[in-house]
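Peer 1: Sequence:
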Amino acid sequence: MSEFADLLPRTRIAYFTMEIALRPEMHTYAGGLGVLAGDTARSCADLSLPVVFVTLINREGYLRQEINGAGSQVVKPDPWTPEDWARPLDAMIALEIGDRAVWVGPWLYLLRSPAGGVVPVLMLDTRLDQNDPEDRGITDSLYGDGDEYRLKQEIVLGIGGVRILNALGFAIETFHMNEGHSALLAASLLCRYPHQFGNKTADGLKFDADRVRERCVFTTHTPVEAGHDKFDYGSVERFVGKILPVDQLRLLGGENHLNMTRLALNLSGFINGVAERHADITRKMFPVFRIREITNGIHVATWAHPAVAKLYDKVAPSWRHEPEELVNADLIENEAIWSAHQGAKEELIAEVKRLTGQELSPDIPLIAFARRMTGYKRPDLLFEDTDRLRRIAKDRPFQVVMAGKAHPNDATGQAIIRELHEHARKLSDDIPMAFLPDYGMSLAKVLVSGADIWLNTPLPPYEASGTSGMKAAVNGGLNLSVLDGWWLEGWIEGDTGWSIGADGSDPKRHARMLYDKLEGTVLPLYYDDRRGWIRMMKEAMGKIGCRFNSQRMMRRYASEAYLK
Numbered sequence: 039m040s041e042f043a044d045l046l047p048r049t050r051i052a053y054f055t056m057e058i059a060l061r062p063e064m065h066t067y068a069g070g071l072g073v074l075a076g077d078t079a080r081s082c083a084d085l086s087l088p089v090v091f092v093t094l095i096n097r098e099g100y101l102r103q104e105i106n107g108a109g110s111q112v113v114k115p116d117p118w119t120p121e122d123w124a125r126p127l128d129a130m131i132a133l134e135i136g137d138r139a140v141w142v143g144p145w146l147y148l149l150r151s152p153a154g155g156v157v158p159v160l161m162l163d164t165r166l167d168q169n170d171p172e173d174r175g176i177t178d179s180l181y182g183d184g185d186e187y188r189l190k191q192e193i194v195l196g197i198g199g200v201r202i203l204n205a206l207g208f209a210i211e212t213f214h215m216n217e218g219h220s221a222l223l224a225a226s227l228l229c230r231y232p233h234q235f236g237n238k239t240a241d242g243l244k245f246d247a248d249r250v251r252e253r254c255v256f257t258t259h260t261p262v263e264a265g266h267d268k269f270d271y272g273s274v275e276r277f278v279g280k281i282l283p284v285d286q287l288r289l290l291g292g293e294n295h296l297n298m299t300r301l302a303l304n305l306s307g308f309i310n311g312v313a314e315r316h317a318d319i320t321r322k323m324f325p326v327f328r329i330r331e332i333t334n335g336i337h338v339a340t341w342a343h344p345a346v347a348k349l350y351d352k353v354a355p356s357w358r359h360e361p362e363e364l365v366n367a368d369l370i371e372n373e374a375i376w377s378a379h380q381g382a383k384e385e386l387i388a389e390v391k392r393l394t395g396q397e398l399s400p401d402i403p404l405i406a407f408a409r410r411m412t413g414y415k416r417p418d419l420l421f422e423d424t425d426r427l428r429r430i431a432k433d434r435p436f437q438v439v440m441a442g443k444a445h446p447n448d449a450t451g452q453a454i455i456r457e458l459h460e461h462a463r464k465l466s467d468d469i470p471m472a473f474l475p476d477y478g479m480s481l482a483k484v485l486v487s488g489a490d491i492w493l494n495t496p497l498p499p500y501e502a503s504g505t506s507g508m509k510a511a512v513n514g515g516l517n518l519s520v521l522d523g524w525w526l527e528g529w530i531e532g533d534t535g536w537s538i539g540a541d542g543s544d545p546k547r548h549a550r551m552l553y554d555k556l557e558g559t560v561l562p563l564y565y566d567d568r569r570g571w572i573r574m575m576k577e578a579m580g581k582i583g584c585r586f587n588s589q590r591m592m593r594r595y596a597s598e599a600y601l602k
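Just so we're aligned: the sequence shown equals residues 39 to 602 in this note's numbering.
Derived by calculation from the structure, the hints in this document are not laboratory data. Any given hint might turn out to be false.
Claimed, not checked - In silico BS3-like links for lysine-lysine, alpha-carbon gap of 30 Å or less:
(1) K602 / K391
(2) K546 / K464
(3) K352 / K268
(4) K322 / K114
(5) K602 / K322
(6) K322 / K352
What the hints assert, rightly or not - Pair ranges (Cβ atoms, derived):
(7) K348 / R456: 14 to 22 Å
(8) T119 / L497: 36 to 44 Å
(9) H233 / D122: 31 to 39 Å
As the structure is a computational prediction, the values presented were derived from the model and not from experiment. Where a beta carbon is used, it is the ideal one built from N, C-alpha and C, also for glycine.
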């Protein structure tokens, strides 16, 4: 506890996130948003930034995915034991949610950097004896079912998180909201700054919003209106009416529904998208706001395979702290880089055999696709024309590994998983293919380090950023991707990877463009020009690794958003 007490006086920034991937054994994340938050925390520790992270305990996790004999996703519980990794702190606060007091207690996890830095992570918990049985489960399930359950979670995260920080003695100056889930924290801060003598602004606001904007940073990750959390004001009035002035929420969050993104936008002084294109789209969606862009990055030391990390140590000794040094990746010897990658590939092949029984070969190029299984990610684009795919594979063989979870309520995503298994069955004589169940942090590390080609096929402009391709690149994997999200910035054709179409291409033609590039460029290079392939591996490792890293990302947040 003394170490935690030592952190209190210096910690001035609070980063709120609904999910965070701290380690594989802690099931407090669902996907990319949580993995990004985890990489953010790791870089904060590396850089000794004075940040505390606030999230929910999520005892029951998100979901554990199994695949049945018909190729369908089967959802299982995915609990974890907080006592194994964190400790409860001796503090509690009460929130009046509806007509009951809901008590919230924090658990502490200390994330440590090999460089010596430490950042605290607070995980909020309502599974307390003091609570009504119905309220104990509010913080149990990540993205639990139903709008009312989600609203209660966001009340606990946003309003409860601010109160917990106060109760523990933090003196927070800046609040960073990672997506709109925690936007109620800004509304709770607003109540601290009423206009004198009951005056209102011209738009009817009774509080000094500028005081809140000075303290709030908002990062949005969603490039479409449908992706933003919205709550019916009947539920809002019922659950937070005793805590917050709902008439003021209508002025800031929308008249018909409480739009959490709009609420955060209206109460934040620094707002950013997570890639240049995403920021541009967000400006068009919300033209009255100034939207900056800070492109996402990865914690390279977490995602680089150990064999690759040893190569980096030789040519860029300080790369863990300063990934900019990875520009020296071109100094790695060809045989060393090929050997390291082949070792990682063989580990992936062994994992495929263990999980599915499918036999793959280290001598055949391996294409990987691993994302959330949902319609706009288009994991089925590769199989748009299976006859042509067979013809391509007959001339130059390749193998495919896929992974990803579908949300239990996403019927389209679940149907895609079944379709992928059907394609694997029908193509088995021509194209070895495997679908790996229960995609998570551990499996992701094996996939991104062992893939030769990282395939990404989102429907533009729905990819806000994406980071899995960055992870593959720092391990020597080459991206073959639709030009959307971060790839618009990282792509140099024939150097760091390849595009599927040009920016603005007709999405209906993307499958044909994918086949053309695979058949005419990618596979011939792999089979006919080993030196040329390795040259591209080095270019991807250096040019992508030195720029698309979370150290660079957090230095920008620190200088542009936190130290105003």
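Peer 1: Indicate, hint by hint, whether the structure satisfies it.
Peer 2: How the hints compare with the structure:
no.: 1; hint: K602 / K391; result: violated, 52 Å
no.: 2; hint: K546 / K464; result: holds, 24 Å
no.: 3; hint: K352 / K268; result: violated, 51 Å
no.: 4; hint: K322 / K114; result: violated, 40 Å
no.: 5; hint: K602 / K322; result: holds, 26 Å
no.: 6; hint: K322 / K352; result: violated, 46 Å
no.: 7; hint: K348 / R456: 14 to 22 Å; result: violated, 41 Å
no.: 8; hint: T119 / L497: 36 to 44 Å; result: holds, 39 Å
no.: 9; hint: H233 / D122: 31 to 39 Å; result: violated, 49 Å
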